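Given the structure of chain A, go ahead and fit chain B onto it with the hints provided.
Order-wise, the sequence lines are chains A and B. Every letter in the first sequence is one number past the one before it in the numbering used here, and letter 21, counting from 1, is 22. Every letter in the second sequence is one number past the one before it in the numbering used here, and letter 414, counting from 1, is 747.
Hints are supplied without guarantee of correctness; some may be wrong.
Simulated crosslink set (PhoX-like; lysine-lysine; CA at most 20 Å straight-line) [unchecked claim]:
{"id": "1", "chain 1": "B", "residue 1": "729", "chain 2": "B", "residue 2": "684"}
{"id": "2", "chain 1": "A", "residue 1": "69", "chain 2": "B", "residue 2": "601"}
{"id": "3", "chain 1": "A", "residue 1": "131", "chain 2": "B", "residue 2": "449"}
{"id": "4", "chain 1": "B", "residue 1": "449", "chain 2": "B", "residue 2": "501"}
{"id": "5", "chain 1": "A", "residue 1": "131", "chain 2": "A", "residue 2": "6"}
{"id": "6", "chain 1": "B", "residue 1": "630", "chain 2": "B", "residue 2": "684"}
Think of the hints as simulated: they come from the structure by calculation, not from any bench. Source: prediction; values computed, not measured.
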Amino acid sequence: MTTVKPILLAEDNPRDAELALAAMEEHHIADKVVVCHDGAEALDYLYCRGNFATRQQGNPVVVFLDLKMPKVDGLEVLRTIKNDVNLKPIPVVMLTSSREERDLAQSYALGANAYVVKPVEFHQFITAVKELGIFWGVINEPPPEGSDKIK
Amino acid sequence: MESVTQERPSTPVPIRSEAVPDSNPEPTPKTSGPMAWFTHWSIERRVLAGFGLVFAGIVVISAVSYRNTAVLIENSRLDTKSHELIQLLGSVGEALDAAESGHRRYLVTGDESYLKSYRTVVEQMPEYLRYLRGLTNEGPEQQARVPTLEQLIARQLGAEAEAIAQRKEHGYEAVRHLALSGAAKKELEGIHRLMTEFDSAEQRVLHARVAQSAGSMKNTIVLLGLGAVLQLILLASVYFLIHHDVTERRRVATELQRRGELLEAANKELEAFSYSVSHDLRAPLRHIDGYAALLSKAAGEALNDKARRYLQTISDSAKQMGQLIDDLLVFSRMGRQDMLRTTINLDQLVKTVLHDLRLDLQGRTISWTMHPLPNVSGDPAMLRQVFLNLISNALKFTATKAETKIEIGSVSRNSGEAEVFVRDNGVGFDMQYVNKLFGVFQRLHRTDEFEGTGIGLANVRRIIHRHGGRTWAEGAPNQGATFYFSLPLARSLR
Numbered sequence: 002m003t004t005v006k007p008i009l010l011a012e013d014n015p016r017d018a019e020l021a022l023a024a025m026e027e028h029h030i031a032d033k034v035v036v037c038h039d040g041a042e043a044l045d046y047l048y049c050r051g052n053f054a055t056r057q058q059g060n061p062v063v064v065f066l067d068l069k070m071p072k073v074d075g076l077e078v079l080r081t082i083k084n085d086v087n088l089k090p091i092p093v094v095m096l097t098s099s100r101e102e103r104d105l106a107q108s109y110a111l112g113a114n115a116y117v118v119k120p121v122e123f124h125q126f127i128t129a130v131k132e133l134g135i136f137w138g139v140i141n142e143p144p145p146e147g148s149d150k151i152k
Numbered sequence: 334m335e336s337v338t339q340e341r342p343s344t345p346v347p348i349r350s351e352a353v354p355d356s357n358p359e360p361t362p363k364t365s366g367p368m369a370w371f372t373h374w375s376i377e378r379r380v381l382a383g384f385g386l387v388f389a390g391i392v393v394i395s396a397v398s399y400r401n402t403a404v405l406i407e408n409s410r411l412d413t414k415s416h417e418l419i420q421l422l423g424s425v426g427e428a429l430d431a432a433e434s435g436h437r438r439y440l441v442t443g444d445e446s447y448l449k450s451y452r453t454v455v456e457q458m459p460e461y462l463r464y465l466r467g468l469t470n471e472g473p474e475q476q477a478r479v480p481t482l483e484q485l486i487a488r489q490l491g492a493e494a495e496a497i498a499q500r501k502e503h504g505y506e507a508v509r510h511l512a513l514s515g516a517a518k519k520e521l522e523g524i525h526r527l528m529t530e531f532d533s534a535e536q537r538v539l540h541a542r543v544a545q546s547a548g549s550m551k552n553t554i555v556l557l558g559l560g561a562v563l564q565l566i567l568l569a570s571v572y573f574l575i576h577h578d579v580t581e582r583r584r585v586a587t588e589l590q591r592r593g594e595l596l597e598a599a600n601k602e603l604e605a606f607s608y609s610v611s612h613d614l615r616a617p618l619r620h621i622d623g624y625a626a627l628l629s630k631a632a633g634e635a636l637n638d639k640a641r642r643y644l645q646t647i648s649d650s651a652k653q654m655g656q657l658i659d660d661l662l663v664f665s666r667m668g669r670q671d672m673l674r675t676t677i678n679l680d681q682l683v684k685t686v687l688h689d690l691r692l693d694l695q696g697r698t699i700s701w702t703m704h705p706l707p708n709v710s711g712d713p714a715m716l717r718q719v720f721l722n723l724i725s726n727a728l729k730f731t732a733t734k735a736e737t738k739i740e741i742g743s744v745s746r747n748s749g750e751a752e753v754f755v756r757d758n759g760v761g762f763d764m765q766y767v768n769k770l771f772g773v774f775q776r777l778h779r780t781d782e783f784e785g786t787g788i789g790l791a792n793v794r795r796i797i798h799r800h801g802g803r804t805w806a807e808g809a810p811n812q813g814a815t816f817y818f819s820l821p822l823a824r825s826l827r
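Chain A extracted, bound-state conformation (with noise of 0.2 Å):
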């Protein structure tokens, strides 16, 4: 881990996304997070284009992806970074209010690697983004650069 990887969290909502950087921030990895408010601008940060064109190259260490937001929305983003080789070892976390079986199944089906289901309190809310950050940002080994072209 030397060089320091971005976290996405794609979250329309501002007050879900500072609560999720208060939980972070607890445990020193609220800097690496990159919020995009909506599913179009992930995308322009995933394809380095609009507002992004202009940063540093390479793949965030994970995205976290809310459901429902406007434009377009989880499922969609979930569904082009899976379709797209070079985007597709990216882990994907679902974070979502949603427990309904129907976006669980979709989600999963679409390739996402971890479901989470935002608690309402805030104490367990805190635990569960932190533990995310903490595994997905920290201990998981992110796949190497360019691991697609192995293949």
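Just chain B, lined up with the frame of chain A:
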């Protein structure tokens, strides 16, 4: 079907009460008139009675017509016989006349060629007489005349034979007196008289028979006409009933389809609604709790105890509402989720539920009474939820008791269905609130007495209803409660 038939003012089978025999002993104390008992009958019974009467009518008409026709055929046979008899009598009379005049000519001339017709008569008479006996064997009056006729004929022919013999032997002179008047003048006259009697008697019988045939023919035509009318009524009724039934079925099918579509649309709407509840309603709650926590942290020491308590209340309320929403979503999902149907060993199921509840069981002294449970047909996850809710409730509402007793068992009152119960010796409930027990968010105790949102029993009821079973409860304050539910047994699995 029944209610619709009753809507029609005219019953398809127009049977009047007069047509029904008055033998029905059913007393009619309230309503007056002979129709009273009839109106008490169900539509099916009336239709059946109507069909029965029409059918009986047709059978009677057919029987009478058959008998009439048989009589007509018999009469026509007898008519033929009568005509033959009359003809035969004529022929015999002529033949005897011919023989008589022939034999007289012979007596005068001695020319044997005149005996030809006489000889023919002698030769053929036995045949004629046999024929005559055959034709008269069904009428005793005519039959009685036959021997007399036979005698007379025999005497005539005998006398003539004697005269012929004398003429041959002794010549014309010996029979001269006979040649003029004939040998059997007297007999021949008698024969003719008898034959006239024969003839007129037969004509009389014939006329009577013709009149009878005409009468029964007329009768038969009328009856057949009546039968045709009855059959038309029967056919029309059947057509009417079938037509009515088919129309009704079509209407019901259309109606069912329409309702099904409405229901499906309503379900879709409900699904969208609960989806948005699940997603959108929980976000602000999360924010309330989250920001209250952040505020508490940021203000830190600056807050006094009162302010801290306020913040805590905000946070608790948000959590409670979150719990309510979650419960409601689970409840709604229970109603929509696809159901499995497998055979479930309830004993095994209860064991796993108790294993799941082991944390709640810690530190409690409970005397369990477990009766063997049957195998049922249903969805394992849903029925697990049922036992989890009922046993959790039993544990919850016995927590204040010194000694907890929980009993689980089943009764089988009818085949194909099992009734399972969970009994505790807890705080119980007043039976006057029994109807509220299974309602959504209905609670019979204050929140500070026993925690919970009041969704557990509502879920139990919903799950059991989806399995085609029933739920009910018995209890008394401070004397425990028993919760029952019924489920289809495993062998009725289709």
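Structure-based check of each hint:
Straight-line distance between C-alpha atoms of residue 729 of chain B and residue 684 of chain B comes to about 19 Å, which keeps the hinted pair within the 20 Å bound. The hinted pair formed by residue 69 of chain A and residue 601 of chain B meets the criterion: a straight-line CA distance of about 19 Å does not exceed 20 Å. As the CA atoms of residue 131 of chain A and residue 449 of chain B are separated by approximately 151 Å, the hinted pair breaks the 20 Å bound. Distance hint between residue 449 of chain B and residue 501 of chain B is fulfilled; the C-alpha atoms sit about 15 Å from each other, no more than 20 Å.
At roughly 17 Å between alpha-carbon atoms, residue 131 of chain A and residue 6 of chain A fall within 20 Å of each other, so this suggested pair holds. Taking the CA atoms of residue 630 of chain B and residue 684 of chain B, the gap is near 45 Å; set against the 20 Å cutoff, the hint is violated.
The structure fails hints 3 and 6 (numbered hints given earlier, in ascending order).
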